[in-house]
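So the protein sequences, as listed, match chains A and B.
The opening residue of the first sequence carries number 1 in our numbering; numbering runs sequentially from there.
The opening residue of the second sequence carries number 1 in our numbering; numbering runs sequentially from there.
Keep in mind the hints are simulated off the structure, nothing from the lab.
Computed from a predicted model, the values in this text were never measured in an experiment.
It cannot be assumed that every hint is accurate.
Note that the list lumps identical chains together, so a pair holds whenever it fits in one copy or between two copies.
To be verified - The calculated DSS-like cross-link candidates involving lysine-lysine, where the alpha carbons are at most 30 Å apart (straight line), are:
1. Lys239 / Lys346
2. Lys247 / Lys312
3. Lys202 / Lys75
4. Lys239 / Lys312
5. Lys383 / Lys438
6. Lys243 / Lys32
7. Lys312 / Lys184
8. Lys17 / Lys40
9. Lys241 / Lys312
10. Lys2 / Lys258
11. Lys32 / Lys312
12. Lys48 / Lys168
13. Lys258 / Lys247
14. Lys168 / Lys75
15. Lys312 / Lys37
16. Lys243 / Lys312
17. Lys312 / Lys348
18. Lys185 / Lys370
19. Lys312 / Lys237
20. Lys346 / Lys2
21. Lys202 / Lys241
22. Lys438 / Lys75
23. Lys138 / Lys247
24. Lys168 / Lys312
25. Lys348 / Lys202
Chain by chain, the residues:
Protein chains: 2
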Amino acid sequence: MKEQVQLHKDQFIDELKQFLQIPSISALSEHKQDVQKAAKWLANSLEKIGMENVEVIETDGHPIVYGDWLHAEGKPTVLVYGHYDVQPSDPLELWETPPFDPVVRDGKIFARGATDDKGQLMIHVKAAELLMKENNGKLPINMKFCIEGEEEVASPNLSPFIQNNKEKLSADAVVVSDTSFINKKQPAICTSLRGALALEIKLKTANTDLHSGSYGGGVPNAVHSIVRLLESLHDEKGKVKVKGFYKGVPEPAGDLRKEVAEIPFDEEEMRNELEIEELYGEEGFTFNERTGIRPTLEINGVGGGFQGEGLKTIVPSEAVAKISCRLVGEQDPSEVYDRILEHVEKYKPSGSRVTIQKLIQAHPVSLDSKDPMIQKAADAYEKVYGVRPLFPKEGGSIPIVEVFARVLDAPVVLMGFGLNTENLHAPNEHFHLENFTKGIETVCEYLSDLS
Amino acid sequence: MKEQVQLHKDQFIDELKQFLQIPSISALSEHKQDVQKAAKWLANSLEKIGMENVEVIETDGHPIVYGDWLHAEGKPTVLVYGHYDVQPSDPLELWETPPFDPVVRDGKIFARGATDDKGQLMIHVKAAELLMKENNGKLPINMKFCIEGEEEVASPNLSPFIQNNKEKLSADAVVVSDTSFINKKQPAICTSLRGALALEIKLKTANTDLHSGSYGGGVPNAVHSIVRLLESLHDEKGKVKVKGFYKGVPEPAGDLRKEVAEIPFDEEEMRNELEIEELYGEEGFTFNERTGIRPTLEINGVGGGFQGEGLKTIVPSEAVAKISCRLVGEQDPSEVYDRILEHVEKYKPSGSRVTIQKLIQAHPVSLDSKDPMIQKAADAYEKVYGVRPLFPKEGGSIPIVEVFARVLDAPVVLMGFGLNTENLHAPNEHFHLENFTKGIETVCEYLSDLS
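Kindly produce the complete structure, drawing on both the sequences and the hints.
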């Protein structure tokens, strides 16, 4: 397909530019119309290439775009998931060219959403277009598109939509291109995402801050109390001390450890880049294991008392901490939440009133790299790139992946074409056009191979 | 003197109102001229009553007002210290009447500075005026006034001024009215002030916050590290664990404990008022002892990572804590600072880079309640109020008191006429006029008795 892709390359890039010009920032209400516009542009795009039953489905938030082509009888069905919304673009002054005025420089297209996720999403649309063009309007397999406009605001409406539309969305594989290569030469299919549980702890001791002269040493200090409580969460070696926290965490088996060990990691380079004196974490595990297949409990922030310039001699009466866990295996975020509540109840210093609020939760997901739908994707990469993908375990969470896998009972194939260096969520976001065109080739190979 | 005070009461209150009308806020540069104006008004006031050598002495900040009358040969010399500057007045909307438009309601005069310290300072000016009027322009003792305009900004220029003017300021007693009664019916002469040492600890782990998905569990977390460090400062029972911290802290002797025990304290009332579930502190000591004659190390504030609304899943790279100690007896703030540095060096978790900045330090001061200059002040209170003062140990610090006591080698007599309920540093500050007039009587009695 290389020739066909090259033949249409300029047209594809022009269309991608059109898509990138729409500032579909889902987090900002002043861009609501732009998000709508992007949904319509995408729906129109799907119709133009020959997709059927194309809909812009309204939700309580931004719409979901659906389209399908289901005439490959007896052949597997692939559901493509992606998102047409983008992150906010500030700080604007750090962009070399305006975020919604896409420009090609050095073989990269610069714009907000270039790699996350409009560029990667368009790979599938253009692959479908090419396959149809080559086969008199027919696809080698059945195909569905389910593209949301709320990924950057934690997908509040997609999860119930999937639950309520199991039949409509049913597929043999869910294909997602929203992840990254290991590096420019090494493609990757992520097969594990950690789950998440985030909460906020508020601690109060008195109804007002008190003068540290008149009261210091005689009343509880909310900062002392939260420090004691937070310190109780880990042991000396960084293991989480919350009773029951590790329930459901699998003993890392040989195969998994092997796949993790294959992911290149240069400790010295990372330490130098981040100016970290030494790494840290659970004993007996490598950095890739600690961040990929082991759970963690991190305090994301703490605040209490006086934080301005200089000095205010108070005994603080309130303190707040934000905590988030990354979960793996069979860890259940609701259960972990209950265990943390019990821990706090037990370890909060006397004289402290504590309230806890759950902020988010998401199940972890593990995908079997041996699944044929994943192995065939790996074959396609190898054909196009000449290198077989690795199977990294991602420390972050894409909560909707677990929902797709569980509700549709289908493997999710995380066919990423991005690079970690492409400034996603940052100024000067870009996407390597080589991966755009080779991505289209790879997806064409994959879908053809599935037929 | 009661009659004479009553005779001139209206005039005295009118003059106090004039003084209170000047917004001499030392902390705000836009009020620099007002501070100057208050200094001149006060100097003029001292000259009018017959004080000599009156000067407005410029400093690097706001001026010091000096005046004396030294013709009582063979009699003791009393130096009056006070301050003519005031706290800022915001939040303005909470004042029932404007802060610099003094109003008398229910026997109280309402204005910023009414009790802290213009009203209490004027007690001494008016007492001197009355005594001179009664004795053909003569005072029964020698008198010096040294009044600063920077008390509310930590007296940066007074301490060197005292050091450089030992002779000029030398006295048999330094009299200060800037403290409070125990309650409306119970006068007090404070005989102990805790010292202070305040510092800021900054801790860094990496050069940027990191994504808690990709890095969580594998790199040091600055909030975890500061929590561990801060938790190491106290043992389970609230005792300070910094090695050498308690050096110089006296074993509380019988007399001292007795004086402290005499200060009324209603634990239940305090707990209810502040909504504190239970008190807290060093074992074996009462609340008054813990806050009056025992040292403490309080974390005044802590901050690190994300503190906004909702959630940001980061591994924080920086955290800051503010710490202040209150010191007693022979504790030396410089030495305590060194001990804390050693402690931090020893207990900072690996992978943390810590920088420490000293913010303030002040020596503690203990005054002997048996000193005749203090006992005679107690006699004067008893004559006027019918109740002998108690001798509370104040948990707060008035650093300049220790400088006066040490440099001039003279007892400091903390003859307070305020009440804790008079909203000092808060909206609707006021001063009970009964304590203004009785204060003048008390000071007249005291100075006459010293002759």
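To see whether the hints hold, each was checked on the structure:
no., hint, verdict
1, Lys239 / Lys346, "both (18 Å within a copy, 22 Å between copies)"
2, Lys247 / Lys312, "between (44 Å within a copy, 26 Å between copies)"
3, Lys202 / Lys75, "neither (55 Å within a copy, 62 Å between copies)"
4, Lys239 / Lys312, "between (35 Å within a copy, 22 Å between copies)"
5, Lys383 / Lys438, "within (10 Å within a copy, 99 Å between copies)"
6, Lys243 / Lys32, "neither (45 Å within a copy, 60 Å between copies)"
7, Lys312 / Lys184, "between (52 Å within a copy, 29 Å between copies)"
8, Lys17 / Lys40, "within (16 Å within a copy, 72 Å between copies)"
9, Lys241 / Lys312, "between (34 Å within a copy, 23 Å between copies)"
10, Lys2 / Lys258, "neither (34 Å within a copy, 95 Å between copies)"
11, Lys32 / Lys312, "between (44 Å within a copy, 23 Å between copies)"
12, Lys48 / Lys168, "within (21 Å within a copy, 96 Å between copies)"
13, Lys258 / Lys247, "within (23 Å within a copy, 57 Å between copies)"
14, Lys168 / Lys75, "within (17 Å within a copy, 104 Å between copies)"
15, Lys312 / Lys37, "between (51 Å within a copy, 29 Å between copies)"
16, Lys243 / Lys312, "between (38 Å within a copy, 25 Å between copies)"
17, Lys312 / Lys348, "both (26 Å within a copy, 24 Å between copies)"
18, Lys185 / Lys370, "within (22 Å within a copy, 85 Å between copies)"
19, Lys312 / Lys237, "between (34 Å within a copy, 25 Å between copies)"
20, Lys346 / Lys2, "neither (63 Å within a copy, 62 Å between copies)"
21, Lys202 / Lys241, "both (20 Å within a copy, 26 Å between copies)"
22, Lys438 / Lys75, "within (25 Å within a copy, 101 Å between copies)"
23, Lys138 / Lys247, "neither (49 Å within a copy, 87 Å between copies)"
24, Lys168 / Lys312, "neither (61 Å within a copy, 34 Å between copies)"
25, Lys348 / Lys202, "both (11 Å within a copy, 26 Å between copies)"
In summary, the structure is inconsistent with hints 3, 6, 10, 20, 23 and 24 from the numbered list given earlier, while agreeing with the others.
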